[in-house]
Amino acid sequence: MSHVDPEQLAGLALDPDDAPADVREHAETCPECAGLVAAFTGVRRRAGEDALVAPPPGLRAKVLEEARAGGAAPTAPAADVGTTRRRGVPLWLAGVAAGLALLAGIGLGRLGADGGDTPEAVQPPTDDSTVVATTALTALDSDAERGEASAVQSDDTFTIRVSASELGDEPGVHEVWLINVDGKRMISIGLLASGDEGEFAVPVDLIDEGYRIVDISVEPDDGDPTHSGVSLARGELT
Amino acid sequence: MTIIPFPARAARLYGGPVVTEATAFRDEQDDSVHTLAARLVAGEETALEEVYDRWSPLVHTYALRALRDPHEAEDVTQQVFVAAWRSRHTLTPGPAALPAWLVGIARHKVADARAARAREAGRLAAVVALPGATDNAVELPDEEVAERLVVRQAVEELPDPRRTIMFLAFWEEHSHAEIAEKVGLPLGTVKSHVRRGLMKLHQQLEGVRHESR
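Taken in order, these protein sequences are the chains called R and X. According to numbering that gives the first Met the number 0, the first sequence is numbered sequentially starting from 0. According to numbering that gives the first Met the number 0, the second sequence is numbered sequentially starting from 0.
I should point out that these hints are in silico values taken from the structure, not numbers from a laboratory. Each hint should be verified, as a subset may be incorrect.
Claimed, not checked - Listed next, the in silico SDA-like pairs over lysine to any residue satisfying Cα-Cα at most 20 angstroms (straight line): (1) R:K61 / X:S31; (2) R:K61 / X:A82; (3) R:K183 / X:A82.
What the hints assert, rightly or not - Footprint (simulated), chain X over chain R, 3 or more residues, beta carbon under 8 angstroms: (4) 52 to 61; (5) 167 to 177.
Unchecked claim - Here are some, though not all, of the chain X residues that point toward chain R, as calculated from beta-carbon distances under 7 angstroms: (6) E73; (7) Q77; (8) F80; (9) F166; (10) W170; (11) H201; (12) L204.
Glycine included, every Cβ here is placed at the ideal spot set by N, Cα and C.
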């Protein structure tokens with residue numbers, strides 16, 4: 000399937016009469032493109048707001064003063080940036096690590112409660128490893144649950160643990176990717192070789208650079224090493 | 000446990016043409032926001048100043064519209080940026096991360112201000128019978144207000160001539176032909192500016208929606 004260039008769809012949203020017939024026809028039959036046209040129309044409708052009102056000039060100094068005074072975060076280890084970095088834990092992970100034990104607990108609990116068949120989820124970290132980020136995996140075309148993924152820090156290694164479920168029986172192998180949050184870059188980190196579980200060591204730099212979206216694709220045996228374009232599950236590590 | 004905001008279009012991220020599309024969506028503006036966010040996370044005070052200078056009108060206007068009280072709006076604005084500084088480690092740098100994150104914090108602070116107001120009203124009501132303390136009937140929902148303000152902010156930040164063209168097209172509702180005449184650019188160029196401008200606004204809005212879910 001080939002889609003219409005978004006710029007053409009923007010044109011269609013702005014003035015249907017001005018759009019080429021093939022663009023119009025495609026958008027009529029393609030839900031994805033129609034969705035984008037609708038989104039563009041929604042944005043257009045939200046234009047027209049009056050100019051923003053700046054706060055009174057004196058407020059800036061007050062904000063900066065209060066920020067300087069209370070510098071460090073009261074609850075989180077943010078002041079400890081230097082140490083955090085030396086341990087090699089990326090800042091964004093360090094920031095959320097504290098709350099994650101709790102969050103992960105809740106997440107699993109919920110999964111068990113409404114799923115019934117709890118997948119063999121993330122193993123509890125061993126003594127010297129810490130789960131620093133997790134995500135639920137879901138289908139792309141619905142919110143259907145597809146398991147979980149987590150990022151585990153252990154000494155100097157960094158591991159992505161995947162515990163997928165209900166990936167379907169489409170023929171092919173299941174490949175695990177990290178997609179950058181910039182939407183431009185992606186990298187394969189391995190295959191789910193046995194069942195739906197896998198552990199993949201990755202350089203921590205990748206995570207730092209924004210490769211945080213875990214994606215599982217089904218890859219036909221066609222000799223093409225790139226992503227097939229068929230994603231079965233996805234989630235962003237947070 | 001976040002779900003990516005573009006599930007329906009996700010497949011388009013792959014392969015040649017898709018990468019081109021994502022690239023077209025990015026520009027220097029995005030990179031500068033990304034860098035600014037990273038500096039804030041690292042604890043640079045000058046980054047806080049820049050963040051304040053760039054987004055305090057957005058936050059303040061939102062608070063003003065949501066609370067309809069200049070003093071409270073000022074307080075909330077202050078709270079938002081102080082809170083942003085103190086919880087900067089929770090920010091994940093990204094092209095739309097900053098406004099999205101700030102709007103998210105502002106929503107919480109507005110809710111706090113409303114709760115305080117309600118408590119106050121409760122105390123007063125015990126003494127004096129007050130007529131309906133809130134009249135939200137004709138107001139837009141907060142979320143809609145936030146989105147409209149984000150669109151306004153995003154247009155303000157476009158480089159000229161795109162900015163001017165967008166204002167002429169969307170605010171003054173001129174036709175593309177009229178705009179072409181006004182700004183002295185070919186019609187095709189004007190159309191392209193409006194389309195790309197719309198795509199950029201969409202991108203900003205998506206960022207905010209994603210962040211504030």
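Status of the hints after comparison with the structure:
With a C-alpha separation of about 26 angstroms, the suggested pair K61 (chain R) and S31 (chain X) falls outside the 20 angstroms cut-off, and the hint is violated. Proposed proximity of K61 (chain R) and A82 (chain X) is supported: the alpha carbons are some 13 angstroms apart, at most 20 angstroms. The suggested pairing of K183 (chain R) with A82 (chain X) is violated, with an alpha-carbon distance near 31 angstroms, which exceeds 20 angstroms. Three residues within the 8 angstroms Cβ limit are the bar, and the segment 52 to 61 of chain R against chain X gives 7, so the coverage statement holds.
For the segment 167 to 177 of chain R, the stated coverage by chain X is violated: 0 residues have a C-beta nearer than 8 angstroms to a C-beta of that chain, whereas at least 3 were required. Taking 7 angstroms as the C-beta cut-off, the interface hint given for E73 (chain X) holds, the closest approach to chain R being about 6 angstroms. A hinted interface residue such as Q77 (chain X) counts as satisfied when its beta carbon comes closer than 7 angstroms to some beta carbon of chain R; here the least separation is about 5 angstroms, so the hint holds. A hinted interface residue such as F80 (chain X) counts as satisfied when its beta carbon comes closer than 7 angstroms to some beta carbon of chain R; here the least separation is about 5 angstroms, so the hint holds.
With 7 angstroms as the threshold, the beta carbon of F166 (chain X) stays out of range of chain R, its nearest partner Cβ sitting at about 9 angstroms, so the hint is violated. The beta carbon of W170 (chain X) comes within 6 angstroms of a beta carbon in chain R, closer than 7 angstroms, and the hint placing it at the interface holds. A cut of 7 angstroms between beta carbons decides the hint on H201 (chain X): the least distance to chain R is about 5 angstroms, and the hint holds. The interface hint given for L204 (chain X) holds, since its Cβ lies 6 angstroms from the closest Cβ of chain R, which is under the 7 angstroms cut-off.
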